[in-house]
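Peer 1: My request is simple: use the sequences and hints to build the entire structure.
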Amino acid sequence: MSEGTPQNIDTANIELFEQLYVEYQKSPSDVPVSWRHFFSNMDKNSVPPRRHAFSSNHDASPVKSAAVPVAAAGPVSAEDGDTIKGLRVKGLIDAYRSYGYLLADVNPVAAEPVTIDDAPQLQLSALGFVDEDLGETFPTCGILDVANAPLSDIIAALKDTYCSNIGVEYMGFNNPDVEQWIQQHLEPIRSKPQLTIEDKQLILHHLNKSELFETFLHTKYVGQKRFSIEGGETLIPLLVAILESGTSLGMETFIIGMAHRGRLNVLANVLQKSHADLFSQFEESYVPEFFQGSGDVKYHKGFFSDVTTSGGNKARIRLVDNSSHLESVDPVVQGYVRSHQQRDADIERSRIVPILIHGDASFAGQGVVYETMQMCNLLGYSTGGTIHVIIDNNIGFTTLPKNGRSTRFSSDIAHTFGAPVFHVNAEHPEECVFATMLAVEFRQHFHCDVVINMHCYRKWGHNEGDEPSFTQPIEYQLIKKKKPIRELYRDELIATGVIEKYMAERLEKEFKESLQKSLKGSKASFLESEGSATPSWKPPSREELLDTERRLFEPAKTGVDGKTIVTLAKAFCTVPEGLTIHKKLINLITSRLEMVQEGSDVKSIDWGMGEHLAMASLLNEGHHIRLSGQDSRRGTFSHRHSSWTDQVKNLRYFPLRHLRKGQGVFEVFNSPLSEFGVLGFEYGYSAANLDALVIWEAQFGDFSNGAQIVIDQFIATSEQKWGVRSNLVMFLPHGYEGQGPEHSSARIERFLQLSGDLNIQVTNPTTPAQLFHLLRRQALRTIKKPLIVFTPKGLLRYPGCVSSLDDLATGTFEEVLPDPEPPSNASKVILCSGRIYYDLIAERKNFNNKTTAILRLEQLYPLNIDKIKSAIGAYGGCKKILWVQDEPSNMGAWDFMRPQLNDIIPEGTTLSYVGRERSASPAAGSYALHKKQGAEIMRAIFGDIDEEIITVSRSHNVRG
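For the sequence shown, the residue numbers in our numbering are 16 to 975.
The hints are simulated quantities; they were obtained by calculation from the structure and are not laboratory data. It is possible that some hints are incorrect.
Unchecked claim - Distance condition first, Cα-Cα at most 25 Å in a straight line; then the derived DSS-like pairs of lysine-lysine: (1) Lys-895 - Lys-843; (2) Lys-288 - Lys-736; (3) Lys-524 - Lys-497; (4) Lys-799 - Lys-572; (5) Lys-535 - Lys-235; (6) Lys-524 - Lys-235; (7) Lys-618 - Lys-599; (8) Lys-800 - Lys-572; (9) Lys-527 - Lys-288; (10) Lys-894 - Lys-882; (11) Lys-882 - Lys-800.
Peer 2: In structure tokens:
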């Protein structure tokens with residue numbers, strides 16, 4: 016008999032399957048080996064083959080039979096008949112496990128109840144049965160406590176388990192362990208919560224807090240935005256269940272990311288932030304205390320607290336500050352968690368846990384959700400599993416699901432990553448809590464993502480001032496008739512004797528009184544603060560900004576003695592015995608070692624070696640370094656080689672991890688092909704550990720705008736909005752070298768436009784020594800600010816872009832570099848930044864020009880004005896200053912530098928621009944045109960063709 020292909024079994028060849036299975040039951044050795052293994056596993060797991068079909072349409076379409084029908088041909092014995100009946104039941108069970116969630120009662124605002132038409136896969140005919148079979152006895156295959164039972168009883172048990180108020184998607188992920196685990200936790204109890212009276216009373220207690228808090232705000236602060244959770248107030252007992260269950264399983268710290276919906280309620284009733292503090296933020300004249308900066312609206316702010324669960328366990332909770340850009344906080348939370356896990360040696364990733372709370376529209380619509388979940392199992396980014404909670408209120412502002420996604424459920428993206436989805440109905444709090452406890456246990460057992468999709472509704476509009484009936488009149492007629500979830504559950508507990516009516520009413524009254532007391536306290540505290548002679552908050556004064564600026568410009572001791580440098584170089588340039596590496600890499604390692612052995616004053620250290628020495632010196636001093644980006648281990652331009660691959664064994668060796676015992680941690684990861692998600696992750700990592708040197712590297716600087724939301728909403732503004740600092744370093748390869756508009760510009764102009772109030776550092780270093788000192792300054796300095804580094808491409812191997820041992824041993828990072836060959840009688844001074852300096856030096860030599868000085872600005876923000884004035888002042892007789900750049904005039908640093916320079920150049924001195932004209936595209940696509948434009952720039956400077964210079968005096972505007 017043919018071996019066949021077990022993986023391809025479906026209804027098309029089911030008769031062959033049945034015949035083989037009957038033979039296997041009689042004599043396993045008589046069937047082919049592949050089938051023998053298949054049937055063995057099938058019996059073990061009670062999971063026969065199935066069609067891995069999933070309809071992504073909202074309206075389920077008819078499907079072929081998904082289970083095993085009776086064999087159509089040949090007589091069968093009684094024993095064989097029992098076997099086939101058992102096989103049919105196994106198919107039935109598997110179908111309910113796979114599709115039962117489609118019939119689950121989880122939508123509290125469904126216009127019509129679900130019917131079998133919503134899951135044609137579960138129709139009797141699709142399963143190979145007819146109505147007459149319902150009263151017939153079949154093997155139960157373990158789904159009931161008895162060996163045999165009527166088919167109707169078996170189906171009833173399956174419906175109880177998979178089609179009640181909990182629907183579970185977990186089949187078809189090619190993970191039998193997951194399938195078996197969930198079956199073992201659901202089927203024996205038929206998905207019915209096993210809760211004590213105390214558990215139920217606790218749920219009511221948290222529903223009281225959740226709904227009454229919202230009602231109180233609605234009556235006291237009419238029309239103010241708070242983004243109520245009403246209609247989904249079960250979120251609070253659900254989150255509390257995560258804390259209760261999680262801490263009992265060894266979880267200690269929970270880091271939460273969520274948007275605006277329900278955020279104030281979570282702050283008050285999960286993190287236990289003072290009600291008085293929250294109420295004070297609703298006062299019209301409110302300004303935050305003890306905080307300097309612009310601040311943010313109340314439903315974006317973060318908080319952290321230590322709480323004690325009802326079981327007496329301690330939980331540390333952090334709600335991460337959030338942007339209104341939905342889901343942008345997701346990768347940030349992952350970075351926070353990974354950083355804490357690293358710092359606190361949570362090797363198993365079981366003590367520090369991420370929780371992400373999503374909206375249904377954003378979970379389905381925002382690509383960063385996919386980018387974040389894609390990192391869940393990656394070596395450098397995994398956090399041991401995220402607990403996702405979707406507040407699925409069936410709407411996105413005014414957009415209905417049918418217009419917002421192409422899948423049946425908002426959670427369907429989770430299928431891609433094998434994350435089980437627990438669908439629950441917010442109007443059934445006990446099932447919500449039970450499913451949550453199960454999800455937490457699942458996360459802790461399998462260390463992978465899990466999703467709780469809480470189906471609910473939104474009582475008001477998108478915000479409390481919005482009118483939802485403009486666009487959803489029918490839905491909101493239904494919603495207005497809904498009884499609050501708290502009242503539904505309270506009445507249920509009263510009816511079942513779990514709580515006396517008078518006790519329920521007393522608890523409600525006590526909580527309302529506590530809210531009123533907090534309100535009075537907040538107003539009294541607010542009025543006292545408002546009426547004080549000296550307000551408790553004020554924007555940073557000029558003196559404070561100047562002090563910060565002074566600290567930023569204070570020279571850092573970043574030099575490392577030559578002997579130490581040579582020792583470190585020998586350590587990371589040593590190839591271990593038995594490691595077979597590429598012959599070209601051997602040449603690179605040999606040349607790197609030679610760079611530090613040629614004499615302290617010989618300039619031979621190139622960019623890659625300068626970077627290695629900076630990192631090695633910091634690691635030697637015990638600092639933690641993390642570098643990630645696309646192809647960062649080798650480097651996009653093959654200049655780094657931080658890991659060596661054995662050409663025979665395919666093993667990897669990281670030389671910077673082998674400097675000495677007790678050195679700092681060195682991590683370097685090739686990231687997934689994502690900018691938004693990975694940069695958000697690294698920002699979160701850096702914010703959680705200011706002492707680590709965290710570097711994100713773009714493949715080309717041009718691609719960093721794929722993460723513009725992270726740059727705009729977090730990196731550039733987090734300190735001013737939320738008081739959250741970051742020490743993140745961004746490596747952005749930048750340089751005009753004829754590679755076209757997509758591989759030339761890291762958009763210097765955008766980072767300079769984002770700069771203000773000393774929020775970031777924007778640098779463009781041009782020598783290996785400058786990079787060496789810059790990285791060491793970033794790690795060693797106590798003041799922490801994000802650092803933007805425009806790194807070179809062509810200069811990586813440019814013979815003139817080299818430094819000496821002495822350059823590394825002495826000095827520090829210089830914001831302004833003087834001309835290395837200053838002319839004695841300069842008639843004009845060039846100011847530039849970046850790689851164009853090397854073109855200018857070469858062309859000055861070609862033109863034999865003796866009257867032009869060239870100064871480099873290595874740091875564009877914050878500008879060291881004193882150094883710039885001093886450098887220009889060295890050429891006192893000069894009346895012409897040029898700003899020269901490769902970028903078009905509307906890009907690069909010119910628009911930023913012009914007003915700055917106009918303020919400091921001497922009277923009677925003209926300031927001129929020389930560079931490419933204004934352009935929509937950053938660079939020419941033709942290499943020939945690129946070269947022509949570059950030659951015109953040099954000719955305009957050194958060829959005395961003044962008409963080609965775009966000139967602006969101190970009192971005129973620049974052309975172009």
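Peer 1: Output the indices of the hints that this structure fails to meet, ascending.
Peer 2: Of the numbered hints given earlier, the structure breaks none, since each of them holds.
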